[in-house]
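Taken in order, these protein sequences are the chains called A and B. Heads up: the first sequence runs through residues 1 to 371, numbered per our numbering. Heads up: the second sequence runs through residues 1001 to 1514, numbered per our numbering.
Hints were generated in silico from the structure; no laboratory data involved. C-beta: ideal position from N, C-alpha, C; glycine also. Heads up, some of the hints might be wrong.
[Stated by the list, open to error] Calculated cross-link-like contacts (lysine-lysine; reagent style BS3-like; alpha-carbon spacing at most 27 Å):
no. : chain 1 : residue 1 : chain 2 : residue 2
1   : A       : K41       : A       : K198
2   : B       : K1074     : B       : K1028
3   : B       : K1028     : B       : K1062
4   : B       : K1194     : B       : K1123
5   : A       : K234      : B       : K1028
6   : B       : K1015     : B       : K1074
7   : A       : K135      : B       : K1276
8   : B       : K1410     : B       : K1028
9   : B       : K1062     : A       : K6
10  : B       : K1206     : B       : K1194
11  : B       : K1074     : A       : K6
12  : B       : K1015     : B       : K1062
13  : B       : K1388     : A       : K234
14  : B       : K1074     : B       : K1138
15  : B       : K1194     : B       : K1126
[Claimed, not checked] Derived coverage of chain B by chain A (criterion: at least 3 residues anywhere in the stretch with Cβ under 8 Å from a Cβ of chain A; other residues may be distant):
no. : segment
16  : 1181-1188
17  : 1307-1314
18  : 1376-1383
19  : 1470-1484
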Amino acid sequence: MDVMPKWAEVILVPLISLLLAAILSALVILAIGEDPVAAVKLMVSGALGSTYGWGYTLYYATNFMFTGLAVAVAFHAGLFNIGGEGQAMLGGLGVALVCLFIPWPHWTIAVLAAIIGSALFGALWAAIPAYLQAKRGSHIVITTIMFNFIAAAVLNYMLVNILRPAGSMDPATARFPEAVHLPSLHDLLAPFGIAFSKAAPANVSLVVAMIACVLVWLLIWRTPLGLEIRSYGKSQRAARYAGIGSVRITMIAMLISGALAGMMAINNVMGEAERLVLNAVEGAGFIGIAVALMGRSHPVGVFLAAILFGFLYQGGAELALWTSIPRELIVVIQALVILFTGALDNMVRMPLERIFLALRRTSKSKSTPAE
Amino acid sequence: MTMTAPANAPAIELKGISKAFGPVQANKDISIRVMPGTIHGIIGENGAGKSTLMSILYGFYKADAGEILISGQKTEIPDSQAAIAAGIGMVFQHFKLVENFTVLENIILGAEDGGLLKPSLSKARKTLLQLEQEYDLKVDPDAVIEEIGVGMQQRVEILKALYRQANILILDEPTGVLTPSEADQLFRILGRLKDEGKTIILITHKLREIMDITDTVSVMRRGEMTATVKTSETSPEQLAELMVGRKVLLRVDKVPATPGDVVLDVKDLRVVDDQKVERLRGIDLQVRAGEILGIAGVAGNGQSELLEVLGGYADGTGTITLNGQPIELTGAQSDGRSRRARGIAHVPEDRQREGLIMDFTAWENTAFGYHRDAAYQSGMLSNNAAIKAETQAKMDRFDVRPPHPHLAAKNFSGGNQQKIVLAREIERNPDLLLIGQPTRGVDIGAIEFIHQQIVALRDQGKAILLVSVELEEILSLADRVAVMFDGRIMGERMPGQTDEKELGLLMAGVSGDA
C-alpha cells in the first residue's frame, strides 16, 4: 500500500516545500538587512492586490502554463525537453509570419491561425531533436538545449536581416496590424460589468492556455495514445512488449511538447508585445521545467504552479521597483522555490512518510493491544 | 581461556528476532538453533521473510528486537564486517564478483593485508590450494570471472567465504542458475563442508533440495517461523502445507493431451543481438493445438530471445507460420500489437518490467497491449468505465486479491500480479499462448491456480509454448519437452519417458541424439 494518503502527496508535500522555501527566503532577506514581512506584503499587494497586479501575474502564468504543459507532456514519455525556450522563440516567428503577411479581418480568425502557426513552428523545432533521439539515440537533453542556442541565432538573423522594417534600428518586426490585436482581460470582462485594469497585459491567451490544460489532461489520461505515452515513459521494455513503437511515441510526444511551447507566443508576441522582439521568451521556457516539476506533470498542478510562478515574477518585479532588494535576490527566491519543490522533494516526503507510518501504527496498536 | 563454548552449543542461535519495514512485519519473533556440522534448510514462499532474516544475520539490517548467539556467545552484528569476523559467510543469489578480475583477485578483494597486492595474492594462492585439497573445491585461481561458468563462479563465492574463515555458510537460493548436474556438484561440496564441521544454512523455495541434503528444516510463512522439523521425519507434502497454510496439490492434475493441427511452425529461426552475437542458431519447433510444448534449459540459452521474437519485439530470420499463415519477423508488421491481432497472446518472463507497468492501476494494466481495441473506446477517448468493469470481472474470475481495479500493480503480490497478466492474455481467446516463467516469484498457493489455468486453456484446444527454468514445472505441465542450449534445441523428449538426469545432460549441451 502507498504510505501516504493521496491528499498528503498532492497538497501537503508541495505546500510544506513552499513554506520551507519561503522561510529560507525570509532569512536571506533578513540577512541583507531588509524586512521580510514588509517584502511579503509588498509582493502580495503588488501581484494580487489590484487587477493591475493580477493582470501581470496571469500574463506571466499564461506563459508558464504553455511551457509547463510542454515539459509535462514530454515528461510523461520519459523525455526531458529542456528546449522549451527555443521552441517558444520559433513559435514567435510563426506568429509573426501569420500576423504580418496575411491580412486578417478579425482577431478571432487570426488567433486560430496564430495558434496553428506557433504550434507548427514549435513542433518543427522539437522535431529535429526528437528524430535524432528516436533514430540515432542522440540524447534529447543535449540536443534540445543546443537547439535553444540555434533558435536564438535563427531569430536574430530573421529579425536583423529579413523581418526588420526598412530604416528601423531595432531588431524587431513591425507592429502587427490593428485587426490582429488580441482583447485583453479588460476588454473581455467589461461586457460582464467587471472592471479590470486596462494597462495589464493578460489577454485572451489565458483562456487558450486553460483549454490547453484540459486538452492535455484528456490526452494523457483519457485516450489510448496517452496510455501509450505514459507506458513508454514508465517502462520502455513494457512498451516494446505491448507493441508501442519507441520512434512513434518519441516523435509524437515531442511534437506535442514543442507545439505547446510554441503556442506561448500567442500570449507574449501576439497578445502583449504585438510585434516580435529579440528576447521575447525571457526564460519562460526554463521556468516551464520548474512548473512541470512542481505540478507533478499534471495539468491541474501545472495550472496552479504556473500561477504561483506568475505571482513570484510579478511580486518580484514589484520588490525590485519599491525596495532596495536587488533584482538578483528575486531570482534567488525563485530558485529556492524551484529547489525545494522540484529537486528536494524527498527531503519533505521522507519525514512526512515516517509521520504517517507512525500515525498508522499507533492507530493499529490501539485496535490490537496484543502488540 | 576457561570461557570456551559449551560442547553442545548451537553454532548459531536466533532468539526472538523481529523486524518491521513500515507497516510490513517482515520477521516476527523468530527463533532457531542450528547445531554445528549440520545443514539447516529455511524454506518459505516469496515474501515469507527468509531473505530479511539472513540480511539481519549478515548485518545488512538491524533487528528491532531479539538476539543472535554464535557458539553460545551473544553477538552483535551491526554490519557485514562484524558478520565476517563472527565467522559467517554468505553466498548471495546474485553473485558479488568483479567480472573482469581473476578468481584470486576476487577472493582477496576486501581482505587484502596491506598496501601492496603481491603478498596478499601469493598468500591467497597458498591458502586456496589448501582449501582446494581440504574440500575438493577445484577452481583455476588465474581464470577471469567472466570467462568461467556460473557453477564455477558460485564456487568462487564459497571460497571467498572460506578464505575469510567462515564457519557458518549461508546460501541464498543457490541452485537458481545451475543445471541439475551443477546443482548435484554443489550439494556434494556442501556435504563435504559439513563433514569438515562447517555449519550450512540453505535458503530455498525448492522442496526437493530440502529433502535431499538438509538435516533439519525450518518453515517460514508471513514473517513467522511456523515449524522446525527433522528432514527425515517430514515429507514434501507436509512442508508445502506448512508453507502455504493449507493442503496443496504438488502434482498438476491433467488428462493426456489430444494434439490437433500444427498451430505454430518455426523453421530455422535465428536471432542476432546488438553485440552481433547469434542468440538463436536455427531453431525448429512445432506446437500443435491442444498441447503444451515445454522449453527447458538453463537461463540465458536463448529462451528469452525465442519468446521475444515470437512475441514480435525482436527481429529474427527464418520462417514462422501460425495456422499455416506466415508471420513477419522484421519491419512494421512485426510488433507486439500485430502479433496480438494474429491471435498470439504472451505472458512475458519478466512480468514486473514487461508484462505490467508497476505504477499503473490494475485496470490500466488490464487494457495494456489491447488498449486500442474497439471495445475499450468511445469516440476519441478511452472508455475507462468499460475497462474497469471488465477488470473487476476478470479479478473475480481469477481470484485476484485484493480485487480492487484502482490499486497500482506494484501493490499486489507476485502471484496476484501474474494473475492480472494471465487474465488479460488468456481471456483474449488466443490461438497460441506464449508463457515464460509462469510461476517465478509466485507463491505456492497461486502456482496451483496458474497451472490449472494453463492446462484448462490447453484442454480448450489452444497451443501453448511454455518456457521455464524450473525443470519440475516443465515435467509436470508440458506434454512434450524441448531442451535449449546455446541457442539450439538439443533434443525433444516426452515427460513420461525421460528424467531429470537425461534432461540435465541435454541442458548442459551434451547431445542425446545426433
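A quick look at each hint next to the structure:
1. A:K41 <-> A:K198: Holds, because 24 Å separates the two Cα atoms, which is no more than 27 Å.
2. B:K1074 <-> B:K1028: Holds, at roughly 20 Å.
3. B:K1028 <-> B:K1062: Cα-Cα ~14 Å, so holds.
4. B:K1194 <-> B:K1123: holds (25 Å)
5. A:K234 <-> B:K1028: violated (35 Å)
6. B:K1015 <-> B:K1074: Measuring from Cα to Cα gives roughly 10 Å; hence the hint holds.
7. A:K135 <-> B:K1276: holds (19 Å)
8. B:K1410 <-> B:K1028: Holds, because 24 Å separates the two Cα atoms, which is no more than 27 Å.
9. B:K1062 <-> A:K6: violated (31 Å)
10. B:K1206 <-> B:K1194: holds (20 Å)
11. B:K1074 <-> A:K6: Not OK: K1074 (chain B) and K6 (chain A) at ~45 Å, beyond 27 Å, violated.
12. B:K1015 <-> B:K1062: holds (14 Å)
13. B:K1388 <-> A:K234: holds (21 Å)
14. B:K1074 <-> B:K1138: violated (36 Å)
15. B:K1194 <-> B:K1126: holds (23 Å)
16. 1181-1188: As far as the segment 1181-1188 of chain B goes, the hint is violated, because 0 residues have Cβ atoms under 8 Å from chain A.
17. 1307-1314: holds (count 3)
18. 1376-1383: holds (count 5)
19. 1470-1484: Three-residue rule not met by the segment 1470-1484 of chain B, so violated; n is 0.
Hint violations for this structure: numbers 5, 9, 11, 14, 16, 19, all remaining hints satisfied.
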